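Student: Read off the chains here:
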Amino acid sequence: MSQVAVVTHHAHEETSFWRKYVFSVDHKVIGRQYLTLGLCMALLGGATVYVIRWQLAWPETPIPLTSWVPEPAMYDGQLDPSFYNQLVTMHGTIMVFFVAMPILLGGLGNFLLPLMIGADDMALPRLNMMSFWTFFTASAVLLSSFFVSGGPAAAGWTGYPPLSANPEYTGVHGGMNLWILALALEFASFLMGGVNFLTTAINMRAPGLSFFRLPLMVWMQLTAGVLFLLSVGPIIGGAVMLLLDRTIGSGFFLPERGGDPLLWQHLFWFFGHPEVYVVLLPGVGAVLEILPVFARKPIFGYRTIVYSTIIAGVLSFVVWAHHMFVAGIDPRLAMPFSITTILISVPFAIMTFAMIATLWGGSIEFRTPMLFTFGFLITFLIGGVTGIFNGSAAVDIFIHGTYFVVAHFHYTLFPTVFFAGFAGIYYWYPKMFGRMMNEALGKLHFWLTFVAFNLVFLPMFVLGIGGHMRRIYNPLQYDFLKPLAPVNQFITMAAVALLLSQIPFILNFIGSLWFGEKAADNPWRANTLEWSTSSPPPHGNFATVPTVYRGPYEYSRPGAAQDFLPQTQPLPTGAAAAGA
Amino acid sequence: MTTVSIEAARVGERIPSGKLAMWWFLASEIMTFGGLLAAFVLRRFAAGGWEDQAAHVSTRIAAFNTLLLVSSSLTLVQAHAAVKADQRNRVAPYLLCTIVLGLAFLAVKGYEYSGEIAHGFTPSAGPFWSFYYGLTGLHALHVLAGVIVNAALYVLVIRGRLWPRVQQRVEYAGLYWHFVDIVWIFLFPLVYLS
Amino acid sequence: MSDESRFPSYVAIWSWLVALLVAALFCAYVPFGKALAIFLIFTLAVIKAFLVARHYMHLRTEGLLIYAIAGVPVLLLLGLTLALVPDIIFRR
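Chains as they are written, first to last, in the working numbering: chain A, 2 to 581; chain B, 3 to 196; chain C, -12 to 79.
If you are wondering where the hints come from, they were derived from the structure by calculation, not from laboratory data. Take the hints with a grain of salt, since some may be wrong.
With a straight-line cut-off of 16 Å between C-alpha atoms, the simulated EDC-like cross-links for lysine to aspartate or glutamate are [to be verified]:
#, chain 1, residue 1, chain 2, residue 2
1, C, Lys21, B, Asp54
2, A, Lys483, A, Glu61
3, C, Lys21, B, Glu53
4, B, Lys21, C, Glu49
5, A, Lys444, A, Glu366
6, B, Lys21, B, Glu31
7, A, Lys519, A, Glu440
Some chain B residues judged to face chain A by a derived CB distance under 10 Å, without partners named [to be verified]:
#, residue
8, Ile32
9, Ala40
10, Ala120
11, Gly122
12, Thr124
Being a predicted model, the structure only gives us computed values, none of them experimental. C-beta atoms are modelled at their ideal positions from N, C-alpha and C, and glycine is treated no differently.
For reference, chain A alone in the conformation it holds in the complex (with noise of 0.2 Å):
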């Protein structure tokens, strides 16, 4: 290793404030701002749940808190049906695209990326500091659609023509166009940050970090980032049709002008799916470094897991199908489409066996971050099983479009996005604002949202199975369905202590901000190269250009001075060079 002191950062100039605090290009602050932005919008997807679930819950009584919202969405309480559609569809579109993907990839990406490779930013920071105020403009366009005539999308998340593509058909005109813009500025937003992911960890790694020493949430992030960009293309061709449609007459999806819905479908789903394993890649990889260092042990099976994620984002583009095995397609196709969906159970069941070895036999430490982790992978463990009954053609005959299907996806992707994602937060807030979190607050806060999340959707796989259907106004309009009414009244209690139950996170992640113990460099004694500068890192990130001489799971090596070897610690002369 040749002795060269390398230098990480040219002075610059003094920047303004709003060259520096807002419009900065320092992928530090951009991954706050996502993160930020991500969590305000995960507030109102919240508030969305409450008027939800409280309709479901008693369809024909006012909802509490409610009398302020105006007509013609709500009458003194009383909700209007077209406004019910609405919540549900604006409730899936924030989670999905305005809370998952900012906390996950924005937020967590955007931030660890450059300090895991070692890198003083990401390659391209201006574009990464375009992507987040696209994101923010997409975020201002869906939120200004509630203020417009006519209200937000009410077509689903999914946005179904021929309900979508025909103003008629909702009474929506305006909030509708504006969610396509939403979406496609959204799209624009993470195709320039995927962009900037892909190129930053091909090339600037640091000396000594060959693809095989990466830390796992960096191999997450950069799969995630391949499948968003490949799969988005459709959907945004899709989209574009679609506001065609909508605004100059013309005929995609629209039988009457000679078009086809279920092309739609099919663009939307081969975009759809991917994106699922977009945003649920990001927060395995905050477990899988989470697990390591809170159990004191390498994980387990490093090179399985890499295998099983590029196995697992190659089946994701063949398997989309699955969602519209009763939409009217080709009966032929449901078979493959079913082969394929089980068979990508198996990357994700090795991985989960992956991480269940990685506990075993390990000095567990039950902080705040590992519980969390022991939540994702009770909680996933259910969700990935659930999803196998979705995805045989047979089975999906009945469950489809029911709170099956509801709680399955519930239980995969609150898992992914809040235990993996607050895991993510708790884990990584000492380095992202120099303060540790709180940690009775912490365990509270896990405890609770354990409980409640389990007790709102495991009584949903029992709807479902009962015939209750999604996306209606009233169950009770349903003699079928009235002896179900106690579970869904069960389930919207459990659902308001759901809510409630985030109160000690949002405590906590602000208090901490100015009353948090001042953090360490190193407080959890991990090895990764985020770790190995200071809690909030400095401008350019590392003093000099860190070299790497192992991968990043050397916890507890026999004969080792301590239980943990950061990636960039030379080993004492005398002792063998650079491990694998």
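Since the structure of chain A is already known, use the hints to place chains B and C on it.
Tutor: Just chains B and C now, with coordinates in the frame of chain A:
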């Protein structure tokens, strides 16, 4: 101990970041236009060809447009070659030709649209026309974006600013422009010749 | 490979592109069978695209990674198109 710049200390591929980023972006653009084209091809085949509707597009105008666009690709790659040969004074004229040819393409397209709309061939005239306007419209927007980028580069070149960065950017702008040309190479036969 | 030798090479490619354009027009107007005409026209388009990609976009001198970035989407698209055939073309 010697000091080296951060770039020199990196491991990894030796592809410049801008070029790599542009190719990743083009990968997603392939999927975008490809998705639209695939949808068009499939729907057209399913509906039996839409020949009655398709007969009303002007193959001659579109062929002329193809010639314009292909020639603009030539001029832009010549600009890139001039950059690589460090012949700064040849870069600007080639860039200008590219911009002019691009604008001419758009002008011809506008003329074409106005004729078709005057004859009542609006997007609501049939599914073929929906795809026609959707495909060529989205393509034209991409041409416009390319013209704007090329124009910005042209301004930088004639002012003699940022020469090393301009060298790279001419290549990246070229990649984008050639891609837009390739999209048209597929659009033209699928829309106008089938 | 000297840079000077590239100048005529680009023009030569352009001439091929124009020639292929003319050939495609020829196929469209001369009364071949419809299927044959479409096949020829599309093949010519593929060749033109290939020429532009290889020579103007310099794929000729790029490595495996760039080829993969360019090639995988194309394969993916072919897959998408094929998968949609049963539903879009043969339904009803």
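Student: Keeping to a limit of 16 Å between CA atoms, is the pair of B/Lys21 and B/Glu31 held or broken?
Tutor: Measuring from Cα to Cα gives roughly 15 Å; hence the hint holds.
Student: For the pair supplied as a hint, B/Lys21 and C/Glu49, is the alpha-carbon distance within the 16 Å limit?
Tutor: holds (11 Å)
Student: Measuring from the C-beta of B/Ala120 to each C-beta in chain A, is the shortest one below 10 Å?
Tutor: violated (16 Å)
Student: Using Cβ atoms only, decide whether B/Ile32 comes closer than 10 Å to chain A, and label the hint accordingly.
Tutor: holds (7 Å)
Student: Keeping to a limit of 16 Å between CA atoms, is the pair of A/Lys483 and A/Glu61 held or broken?
Tutor: The hint holds at about 13 Å.
Student: Hey, C/Lys21 versus B/Glu53, does the alpha-carbon distance stay inside 16 Å?
Tutor: holds (12 Å)
Student: So if I understand the rule, the pair passes when the alpha-carbon distance is 16 Å or less; does A/Lys444 with A/Glu366 pass?
Tutor: Distance ~13 Å between A/Lys444 and A/Glu366 Cα, so the pair holds.
Student: Could you check if B/Gly122 really has its C-beta closer than 10 Å to a C-beta on chain A?
Tutor: The hint is violated - B/Gly122 has no Cβ within 10 Å of chain A, the shortest such distance being about 12 Å.
Student: With the threshold set at 16 Å, check whether the alpha-carbon distance from C/Lys21 to B/Asp54 stays at or below it.
Tutor: Distance of about 15 Å is within 16 Å: holds.
Student: Can you confirm whether the C-alpha distance between A/Lys519 and A/Glu440 stays at or below 16 Å?
Tutor: holds (14 Å)
Student: Hint check: is the beta carbon of B/Thr124 less than 10 Å from a beta carbon of chain A?
Tutor: Holds, about 7 Å.
Student: Quick check on B/Ala40 please, does its C-beta sit within 10 Å of some C-beta on chain A?
Tutor: holds (8 Å)
Of the numbered hints given earlier, the model fails hints 10 and 11; all others are met.
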